[in-house]
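K.L.:
With chain A fixed as given, assemble chain B onto it according to the hints.
2 protein chains.
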Amino acid sequence: MGEEQKKMSRRSFLTTGAVAAGTLAVSGGIFGLFNSNLAKANAADEQPMFPWPYVQLDVERAKVIGYEGYMAKQCCYGAFNAVMAQLREKVGYPYTVVPSEIMLWGATGGAGWATLCGALIGAVTAMNFVVGEKSDLDKLIEELFGWYTTFPFPQYMPPVGKAGKAEGKLPTSVAGSVLCHVSVSNWCAESKYRAEGRERSERCGRLTADVAAKTVELLNSYHSNKFVPVFKHPESVGECMTCHGKGSTLENTRGKMDCIQCHDPVDSNNLLEHIFKK
Amino acid sequence: MGEEQKKMSRRSFLTTGAVAAGTLAVSGGIFGLFNSNLAKANAADEQPMFPWPYVQLDVERAKVIGYEGYMAKQCCYGAFNAVMAQLREKVGYPYTVVPSEIMLWGATGGAGWATLCGALIGAVTAMNFVVGEKSDLDKLIEELFGWYTTFPFPQYMPPVGKAGKAEGKLPTSVAGSVLCHVSVSNWCAESKYRAEGRERSERCGRLTADVAAKTVELLNSYHSNKFVPVFKHPESVGECMTCHGKGSTLENTRGKMDCIQCHDPVDSNNLLEHIFKK
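Residue numbers (my numbering), protein chains in the order written: chain A, 109 to 386; chain B, 109 to 386.
Chain A extracted, bound-state conformation:
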């Protein structure tokens, strides 16, 4: 976000945010019980504050809250809560109004469908609360997603004797994808553990901690004007998108997931075969 933008949102918090937080002070008092229709009418006219205020958060605490959140209510809740619980403590209102349970749904990429990794769903939703500029948000998501595809999960280690599902070191794997289905399958192939066993669950708990920590790292650096993107896309994305992506001859798809995880690789010396395949 630009300097002007940042000033704007800080200013906005100093007015709207402070008044709103002050309002909460009388919650439960005698003033809390009358005139709720008027309140509704007034409130409906107002645009809610956005983005919400951010303060520097603790990366190590994000790991612990993320891991414990996974063990309590799965990956999406865990990663989301790693950011939101800290903001609830450090900023208070309006974070205190929003329960982290609103992100229960993302576990297993949604009802067992294994789409986008739930830890990522929770993480980027938390990011979105505190980053208002869409182009900046996209850069942070790009970096988080890109990092996820290349990171040897899991790295976080719970304290000895305190593991939620399985003690000790676990095999690691690189997902090469942001999809739960691929991330879990690759780890099973590498580790030989079962997809629904306690070791895989432990792996996803630790992955949640890793994702939560990276998210807080990115937000801390962004909000202190130190964010520098480093992720580069797999070659296949660039190559395939030369013909299939935006502004190309065909322009018949979109995406940044590694093409050859699902599609056959194309022999660049024999493009004609690929073109006339169907």
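One should not assume that every hint holds.
Remember, identical chains collapse to one label, so a pair may be satisfied in a single copy or spanning two.
[To be verified] DMTMM-like cross-link-like pairs, simulated, lysine to aspartate or glutamate; straight-line CA separation at most 20 Å:
(1) Lys198 / Asp166
(2) Lys242 / Glu304
(3) Lys334 / Asp372
(4) Lys300 / Glu197
(5) Lys273 / Glu307
(6) Lys354 / Asp366
(7) Lys270 / Glu176
(8) Lys277 / Glu298
(9) Lys181 / Asp244
(10) Lys354 / Glu304
(11) Lys277 / Glu304
Rather than coming from a laboratory, the hints here were simulated on the basis of the structure.
P.N.:
Chain B in isolation, oriented as in the chain A frame:
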């Protein structure tokens, strides 16, 4: 949700919700400016209310708000706002605190990665605010996702002369997947329109309206105890998961996306070839 659960959440709204809504009545008044530290301290100790209260919503309005939301701020915002804007109007607080911009991120499945369809991301996040029981939430997501994979998008038609990107009827296609990448590619193959052109954008705007309407339909039926799931999974999911899914011999993956969209179909008369392929 069970009858007991529903009573619980209604009762909870009649107390917590009413007090909270009443509190907002004094917003901006003289009581709004003092004691904000106390408010924060009190608020940090409290568990935010969950789930949030639901009232029956208007399916046709969901289409209009969803479509207009897409044109303003893309698919994920559009579908989310189709539910939340109505709840902001009809219920008021706490919906008035949460801006629909918290779901900007899901457009294009996240920063152009084309993972889970952004309209679905927005829709199920809205669902999660008003459905507290995870097993019920999963059933509703299952139904919404399943419906999405078989529905000939787009069906919604904006009023003549009021289309955001392209007027007139558009070709339809069935995605067979909940992924943005597949959904867009299939529509491009069917329609011959370009993936980043204005017709495809129009198609996604109307799809957002369709998804928003289905979401409100599901929530209305769930909250009036009339929800009956109808979706059945593609054969491939059942067949492949016999060996690869939970409780099977291999149990080395998870997911409910149609397997043969990415993997080669297996000849059930020649399973040995498949098994020894790698």
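K.L.:
Against this structure, judge whether each hint is valid.
P.N.:
Hint-by-hint comparison with the structure:
1. Only within a single protomer do Lys198 and Asp166 lie at most 20 Å apart by alpha-carbon distance; the minimum there is 11 Å, versus 38 Å between protomers.
2. Within a single copy, Lys242 and Glu304 get their C-alpha atoms only as close as 36 Å, which misses the 20 Å cut-off; across copies the closest is 18 Å, which meets it.
3. Taking CA atoms no more than 20 Å apart as the test, Lys334 paired with Asp372 passes in neither setting, with 39 Å inside one copy and 45 Å between copies.
4. In this assembly of identical chains, the alpha carbons of Lys300 and Glu197 never lie at most 20 Å apart, being 41 Å within a copy and 52 Å across copies at closest.
5. Taking identical chains as interchangeable, the C-alpha atoms of Lys273 and Glu307 lie at most 20 Å apart only when both belong to the same chain, with a minimum of 7 Å there against 49 Å between chains.
6. Taking the closest pair of Cα atoms, Lys354 and Asp366 come within 20 Å of each other only inside a single copy of the chain (16 Å); across copies the shortest separation is 26 Å, beyond that limit.
7. For a Cα distance limit of 20 Å, the shortest separation of Lys270 from Glu176 inside one copy, 10 Å, qualifies, whereas the shortest one across copies, 49 Å, does not.
8. With identical chains, the CA atoms of Lys277 and Glu298 are at most 20 Å apart within one copy only, with a shortest distance of 14 Å there and 49 Å across copies.
9. In the homo-oligomer, the alpha carbons of Lys181 and Asp244 lie at most 20 Å apart only across protomers (15 Å), although the nearest pairing inside one protomer, at 30 Å, exceeds that limit.
10. Proximity of Lys354 to Glu304 under the C-alpha cut-off of 20 Å is restricted to the inter-copy arrangement: shortest distance 6 Å between copies versus 39 Å within a copy.
11. For the homomeric pair Lys277 and Glu304, the shortest alpha-carbon distance inside one copy (18 Å) is at most 20 Å, but the shortest distance between copies (46 Å) is not.
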